[in-house]
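Colleague: Here is how the chains run, residue by residue.
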Amino acid sequence: MKNHNLNRRTFLRASGISLAIPWLEVFGKTAETSPKRSLFICNTLGFYPPAFYPSKPGTTYEASDYLSLLKEHRDDLTVFSGLSHPDQGGEHQCEMTWLSAARNPGRDGFRNSISVDQFAARKLGYVTRFPSLSLSSDGPMSQSYTENGVMIPAMDRPSEVFTKLFLQGKPHQVAREKEKLRDGRSILDSLGDQRGRILRKSSSSDQERLEAYFEAVREAERNLSEAGAWMDRPKPSVKSPVPEDITDKADLVGRIELLFQLVPLIIQTDSSRVISIVIQNNHGIPLINGVAAEHHNLSHHGRDPKKIAQLLKIESAIMGCFGNLLHRMKEHQEGGATLLDQTLTLLGSNLGNAAAHDPRNNPIILAGGGLKHGGYVTHNRNDNTPLGNLFVRMLQEMSMETDAFSTSSGVLRW
Amino acid sequence: MNQFLTIALLLFALPIYGQAFKEAWDPLVEASCIDCHDADTDTPLNLEKLGHDLSDTATFRQWVKIFDQVDSGEMPPKKKKRPDRVIKDKALATLHQHLRDTSAARQKRDGRTVARRLTQAEYEYTMHDLLGIGGDLASKLPPENTSSTFDTIAADQGISPVHIRSYLAAADAAIDEAIELGRKPRMEPRLIDYRNNFYSSMWFERELRRGGNTVLRTDDAYVLFDNRPQRSPHTNQSNNMGIRFPVPGRYRIVAEAYAYQAKTPVTFCLYRANDRAPKRELIGSWQLDPGKLRKVEIEHYFRPGDFFFLAPSDLDATPQGRNVFSIGAKDYPGEGVAIRRLTLEGPLEKQWPPERSRDLLGEVEFRIGPKGNYSIVLGNSPMEQIEEVVSRIGPRALRRPLRENEPKAWAALAKPVLESGRGFEEGLRVVLRALLSSPEFLYHEAAPGALDDFALATRLSYFLWKSLPDDQLLFLAAGGRLNDPEVLTTQVDRMLEDEKAQRFVEDFLDQWLDLQDIDATTPDEKLYPEYDDVLRQAMLEETRRFFFEMIRSDLGVGKFIDSDFTFLNRRLAEHYGIPGVQGLNFRKVTLPTESPRGGLLTQASILKVTANGTNTSPVPRGSFVLANLLGTPPSPPPTGVGSVEPDTRGATTIREELAAHRGMESCNRCHREIDPPGFALESFDPIGGFRIRYRSTGQGDRPLTKLFGRPVREYRMGPRVDASGTAAGGERFAGIRDFKRLLLKKEEQIAHHVLNQLIAYATGAEIQFADREERDGILEVAGRDGHGLRAMIHSVVQSRMFRNK
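Quick note, the sequences are listed as chains A and B, same order. Yeah, the first sequence ends on 413 if you go by numbering that gives the first Met the number 0, and it's all consecutive. Yeah, the second sequence ends on 804 if you go by numbering that gives the first Met the number 0, and it's all consecutive.
I should point out that these hints are in silico values taken from the structure, not numbers from a laboratory. Among the clues, some could well be false.
In silico SDA-like links for lysine to any residue, alpha-carbon gap of 20 Å or less [stated by the list, open to error]:
#1 K87(B) - D109(B)
#2 K179(A) - G422(B)
#3 K305(A) - Q698(B)
#4 K414(B) - R175(A)
#5 K177(A) - R715(B)
#6 K525(B) - K179(A)
#7 K305(A) - E524(B)
#8 K107(B) - S204(A)
#9 K200(A) - R402(B)
#10 K248(A) - R227(B)
#11 K248(A) - R715(B)
#12 K64(B) - G108(A)
#13 K525(B) - R715(B)
Kindly generate the complete structure, drawing on both the sequences and the hints.
Modeller: Okay, here's the thing in structure tokens:
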């Protein structure tokens with residue numbers, strides 16, 4: 000559906016907070032047929048369990064400290080306990096496998112496998128300008144991995160993301176970019192041409208490695224060509240101004256908030272249907288009232304009540320950002336549904352108990368996506384259900400035909 | 000079933016080759032193994048299913064494990080009946096031969112090392128050396144697989160379209176930096192006058208409660224009191240003084256500074272930072288003694304977007320413990336750093352356009368345009384000039400002579416660009432980007448068998464320099480002389496003398512001893528207020544200098560366990576409580592006899608990377624000793640066990656918590672090995688300070704020591720440290736000094752591990768079964784001279800493993 004309607008209507012009156020032209024008006028689709036998206040948010044330092052989990056399962060649960068911060072969204076989300084990927088370990092090494100569910104991260108010879116966002120992005124291809132977007136609150140580490148276990152660097156500057164997505168660039172810049180892209184393609188072509196000569200003279204084991212290189216060259220070339228096709232179409236413009244990056248790492252909340260504000264824009268403009276956001280590296284003392292130590296140190300609270308009190312403040316602030324995100328996603332309509340209804344929104348962590356680096360019992364909230372919500376669903380805390388089962392469900396909800404992902408053992412239903 | 004089919008199936012399942020060792024093993028398996036290792040038991044090894052097909056890599060690896068465990072006597076377990084000696088010996092001998100033959104045959108067919116890709120760090124250094132640039136390129140590439148022992152291990156390296164696109168982009172950025180045709184910038188020294196600058200003036204005048212009055216203007220100087228560089232002191236940032244780095248290059252900063260209102264020495268620091276880059280970089284620190292003006296100078300590579308800033312360290316507070324923020328600079332009586340004069344000079348280029356651009360472009364002329372920009376005037380046709388550049392750069396980049404038609408073939412890529420009228424520079428760019436993304440640039444590959452001289456030059460220079468062979472190595476290779484053992488020895492000595500050898504030291508230690516994780520956690524500011532960037536840098540410096548000294552003076556690996564010397568500056572010496580070291584320059588210091596320091600394990604860098612920011616645990620530290628020093632990594636905990644949750648309230652110690660854990664036999668099996676080294680290291684806090692009592696955020700009494708010239712109020716003194724324990728072999732130790740004596744008995748094992756690490760790192764492949772004999776030979780020879788580190792490096796380079804693919 001390479002349509003020309005889009006061009007006429009690319010000036011989307013979409014802004015972070017205010018009006019939006021619904022997606023279906025642009026594409027002439029209804030909410031039923033408009034695509035589902037996925038959003039994966041990981042807070043790598045966990046959530047203090049007693050403040051996270053309600054005491055009783057079901058729809059009548061009494062909200063925990065954190066959940067009471069999300070009370071206006073209670074009917075739009077489900078809380079899970081007893082989920083985690085099997086065979087995780089190491090200290091913070093399970094960060095890299097949270098989206099891939101690969102076993103034994105960090106052990107000798109470990110190689111990561113494809114992450115669920117990339118799995119989905121591969122299936123979708125370039126139906127959007129970006130098959131996926133990997134964002135981070137700090138630094139290039141993402142949780143997105145290719146099937147060869149190579150990390151896809153995250154973008155951590157909202158202004159850069161915004162520019163990439165929405166700023167057209169001056170004609171000479173666009174021309175230059177296109178030139179670079181063409182150059183890139185012809186370079187990759189020429190490298191591909193060396194394949195025969197290089198492989199002929201190498202040993203069988205080298206051939207295998209070099210084939211992988213040439214395959215990567217071919218795929219990079221395909222990517223550039225798809226990206227090139229998108230370059231010929233104007234970018235959607237949005238009303239909101241370019242976000243001003245917060246360089247002060249201590250302003251954790253500000254930085255998260257800024258990233259989260261991009262999400263509705265990305266979805267409204269259908270720039271990508273798979274987004275992952277990792278909240279990490281929280282260096283510097285967060286600028287939060289009553290917090291006097293770094294986030295990581297507080298996560299190792301050593302059961303010191305004064306530290307736990309500070310940790311609660313930080314995590315509440317992050318939960319607050321998440322609440323704002325859900326709020327914003329509900330403000331915007333796409334067809335008859337809200338953006339949240341169209342987006343499977345996952346918030347969780349790779350650590351169940353950060354103080355002991357325990358990778359089991361991940362705190363998990365799934366919101367939106369048009370699913371049945373409102374309850375607290377418990378799974379066995381001593382013998383966890385694979386978190387991959389939830390990923391499979393999300394993939395299926397995105398209309399992908401798959402009944403397994405990595406270490407999943409089935410599909411999570413509730 | 001058809002009889003032939005049965006036979007065929009049998010043959011398929013059991014290659015003839017495996018038959019002999021199956022026959023030799025069956026009796027042993029029946030007698031001693033199968034009870035615990037069959038399909039019905041829950042041990043990970045199932046001998047009924049394993050099979051004997053050694054050509055299968057997983058089966059092969061499993062049999063190597065079996066060989067090692069039976070050979071070392073670890074299996075069958077001590078409690079079980081001893082196997083019959085004759086049966087066991089025969090089984091081991093047969094298996095040994097089969098494993099060795101299989102491994103050797105594979106090496107003969109494929110070589111030991113598969114095609115190895117440049118690592119992130121190697122890519123960066125290579126581009127620097129090739130193009131004369133200095134910028135940060137590594138961060139443009141995907142990170143390496145951290146689960147591999149070394150990122151140089153070819154078999155663990157990944158490649159993906161993300162890599163390919165990153166290479167294109169990184170090469171582009173590198174070429175941008177290499178070809179500099181912009182306006183000639185101002186290069187002469189310029190004064191940065193913080194005192195009279197408009198921006199800083201605002202902060203002299205502004206009230207304290209509005210964020211001002213933290214810096215002071217005196218008659219002759221600009222005085223800093225805020226020693227928290229992590230808070231990015233905007234008043235001291237060069238960019239706020241209107242200083243920009245117009246082009247990438249080396250710049251010189253010269254400062255005249257003195258200690259202000261100081262009774263003890265203070266430290267003056269210079270940082271490089273960039274709003275886009277994640278980290279501030281401490282690029283210089285100097286000690287200022289009371290009453291003396293000091294002129295200091297540093298040269299550093301800066302790029303557009305970078306800025307630098309000034310920060311003090313080592314400042315004593317007022318005796319009442321107040322800092323500048325509670326009093327204001329105007330009335331503050333405590334220590335500070337006064338800057339009297341500061342100049343910036345550069346880019347330090349002898350000519351313009353700079354040398355690196357001229358070197359790359361070759362014999363061309365430059366014409367200055369109306370706006371001051373330069374354009375290239377060619378004597379040849381663009382195509383000829385591009386060929387000329389390729390014929391110069393190509394052999395260095397590809398580390399071999401070019402074939403006759405090669406420059407033409409590469410240059411042909413520029414054709415469409417030139418034809419579309421985009422000119423010489425654009426055409427050259429495309430060609431260079433292709434060259435620098437090509438498989439022969441990015442990979443070290445060679446035919447199985449002995450490396451030719453050029454491949455050997457490549458392996459050698461990437462081992463010790465992490466970069467391209469230089470002219471001398473290429474010259475020797477061209478003359479076919481590098482394979483001469485004496486020439487190799489001379490070259491290794493020469494290369495170790497070269498400054499570039501520090502890249503090896505850094506990269507090897509970053510990975511062998513996990514020093515790359517130094518910033519993985521930040522020490523808690525309340526518990527460890529004395530930690531700062533100056534101390535952090537000193538920690539790394541000590542370990543690097545120590546390691547290099549071991550190479551330089553060919554010291555035995557026993558020194559890794561204990562030594563009577565280390566490398567210190569005042570800052571680190573104070574941290575260690577060692578008197579008499581002045582200034583921030585590092586020097587070799589003989590340790591007092593009663594000092595617990597000496598060797599690697601008691602160096603603050605190691606103690607820091609094995610702790611987290613708040614607390615230490617014997618488990619990661621013990622595990623570090625077993626894995627990184629002794630080469631016997633403990634098996635990871637079974638999943639679903641979790642770990643001990645530390646408690647820093649001051650009521651219980653980690654040892655008490657661990658004791659409960661160790662009560663369980665399933666835990667104790669490994670923890671009796673893991674915990675003892677960690678217990679011995681309990682005497683050291685997360686930043687490597689020696690402690691008799693734990694620091695606590697809760698219970699405890701006030702420390703008697705002073706901090707920054709004032710009483711300590713951040714933390715309290717918790718329970719006493721117990722660093723005693725019982726080693727796995729049953730020997731008791733009272734603390735670290737005792738424990739080192741026990742470790743010293745394992746010198747041979749440590750040498751074995753260090754040698755394995757060097758071989759794996761240098762050759763790009765872990766030790767394989769067929770390598771064992773040669774490795775053991777090297778070890779034996781090294782043992783005669785006390786396992787000298789330099790001698791081991793020489794032996795590695797001379798080995799068959801190093802000189803063959």
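Colleague: Looking back at the numbered hints, which does the structure fail to meet, lowest number first?
Modeller: Per hint list: 1, 5, 6 and 11 violated.
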